[in-house]
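Heads up: the sequence shown is residues 36 to 368, going by our numbering.
Hints were generated in silico from the structure; no laboratory data involved.
It is possible that part of the hints are untrue.
[Unchecked claim] Derived PhoX-like pairs (lysine-lysine); straight-line CA-CA distance at most 20 Å:
(1) Lys-174 / Lys-200
(2) Lys-66 / Lys-200
(3) Lys-108 / Lys-121
(4) Lys-40 / Lys-108
(5) Lys-168 / Lys-40
(6) Lys-300 / Lys-108
(7) Lys-121 / Lys-98
(8) Lys-326 / Lys-341
(9) Lys-352 / Lys-333
(10) Lys-66 / Lys-40
(11) Lys-300 / Lys-243
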Amino acid sequence: MADDKGVLVYGECVNGGLAAMTLELLGIGRKLADDLGEELAAVLLGDKVSDLAEEAIRFGADKVYVIESPLLKDYVTDSYVAAMDKLCQQVKPTILLMGQNAVGRDLAPRLAFRLDTGLTTDCLELKIDPATKLMVQTKPVYGGNALAEIVCEQTRPQMATVRPKCMEPLQRDDSRKGEVVAFDAGLDASAIRIKWLEKVKEEVEGVKLEDAEVVVCGGRGMGSPEAFDQLAQLAKLLGGALGATRPPCDSGWLPTTSQVGLTGKLVTPTLYIGIALSGSSQHLAGCSGSKNMIAINKDPDANIFKVCQYGVVGDYKKVLPPFIEKVKELLAG
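Hey, can you work out the whole structure from these sequences and the hints?
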């Protein structure tokens, strides 16, 4: 481990630019690197991504590794794991950060296995212990009812995935200078077992659930698919998105793309309103990062009341209509 040094951020490119998650990782990566007195590097993978290297430098990176290949045009597990494995074996970062998103959840555990190291997923906070110089990784456990601090003492890199919207990106600094390094991953097309056959873009009306600042979520207790019309109305009034727990989605009341939870979408809105849902650990794993939580449930012992800031014990059929009318009144005034 004596040869390991520096912080490495896995960067994602979306629609011709750096993903918001990448900017957040660069922000926390910069702080970790400064606390260690070491370098912050980023890595960009794709077919044509070199133009974004300077942007990563402006947002905090000292060095950017660019891995370009037609085999990296679209995310495929085999090619991306192979490229990252080769880079990490050569660069030997002491810390490696990735996003807790679809790519990160697929790529990070496979890469950790190849590198024979540990991985802490869904981190809410990262910091350097001044005494040990180890990265302290804080993540929710028990469905968001507690927080655990984890350190990786024996292996390197110390790997973590970070929950979206938990870290602040740095202000863009056009005066920053850095180094851009083209890295040859030596990818072998014959070793790639997966091929893209078709891409189907999710059609979303209004704001995407995972990007919404306000999320209105209903559970099994709504009773019927028609009952979700009220929730959709409230979500629209607040400029937010409609979500659901797993049972309504499994029943076909809402599409599976509306599911919030461990096996669904992860949301971190400013305001989360949970209606007629108990607050299972699986569901809370997908929404415990919400800044403010309001719950409406007729069961006073529902688990959701243990984690929300504001709770209403009552039948949503009686509580929701006047609540919606009050929202309309406030918006009109």
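Hints, verified against the model:
| no. | hint | verdict |
| --- | --- | --- |
| 1 | Lys-174 / Lys-200 | 14 Å, holds |
| 2 | Lys-66 / Lys-200 | 16 Å, holds |
| 3 | Lys-108 / Lys-121 | 18 Å, holds |
| 4 | Lys-40 / Lys-108 | 29 Å, violated |
| 5 | Lys-168 / Lys-40 | 12 Å, holds |
| 6 | Lys-300 / Lys-108 | 25 Å, violated |
| 7 | Lys-121 / Lys-98 | 17 Å, holds |
| 8 | Lys-326 / Lys-341 | 15 Å, holds |
| 9 | Lys-352 / Lys-333 | 10 Å, holds |
| 10 | Lys-66 / Lys-40 | 15 Å, holds |
| 11 | Lys-300 / Lys-243 | 10 Å, holds |
Comparing the model with each numbered hint stated earlier shows that hints 4, 6 do not hold.
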